[in-house]
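Numbering (my numbering), first residue to last: 1 to 117.
Everything labelled a hint here was simulated from the structure, so no lab data went into it. Treat the hints loosely; a few may be bogus.
In silico DMTMM-like links for lysine to aspartate or glutamate, alpha-carbon gap of 20 Å or less [claimed, not checked]:
#: 1; residue 1: K82; residue 2: E23
#: 2; residue 1: K82; residue 2: E92
#: 3; residue 1: K38; residue 2: E92
#: 4; residue 1: K90; residue 2: E34
#: 5; residue 1: K38; residue 2: E23
Estimated spans, in silico, between C-beta atoms of each pair [what the hints assert, rightly or not]:
#: 6; residue 1: G110; residue 2: S28; range: 41 to 51 Å
#: 7; residue 1: R58; residue 2: S28; range: 33 to 43 Å
#: 8; residue 1: V87; residue 2: L16; range: 17 to 27 Å
From the three backbone atoms N, C-alpha and C, an ideal C-beta is built for every residue, glycine too.
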Amino acid sequence: MWSELTRAALVGAGFLLIFGLAELWQRSGKPSAEMSRKSVHFAGGLLVLCFPWIFANRWTVIGLVSVFGLLIWGTGRVGLLKSVHGVARKTEGGLFYPLAVGLLFVLAYGNPVFYVV
1 MWSELTRAAL VGAGFLLIFG LAELWQRSGK PSAEMSRKSV HFAGGLLVLC FPWIFANRWT
61 VIGLVSVFGL LIWGTGRVGL LKSVHGVARK TEGGLFYPLA VGLLFVLAYG NPVFYVV
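Let's have the full structure, built from the sequences with the hints guiding it.
Structure below.
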């Protein structure tokens, strides 16, 4: 069985892959910023849906959402990740999405059905 840290690194790499693919897609000029942003939300949502079966420790999830929350916030501040931040409207999803994932994981800890529903 893989260690908790190894699983966290793999999930982190999965998120980076999602962001990277969306950025490449956006730069190809094919999707609108809204479409690439929604795609990141959808793919990321599928990944976080699996958290109760991937992670045994709530601190791992808190660490992951903290790192990615800061990453999303930071890229928005410096103008990176146009696939996520390129929408015309002001959004706070970079803060609230990771916060909601972490809070939900902590509140539903030990009961995956509550987390998923």
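What hints, given by number in increasing order, does this structure fail?
none
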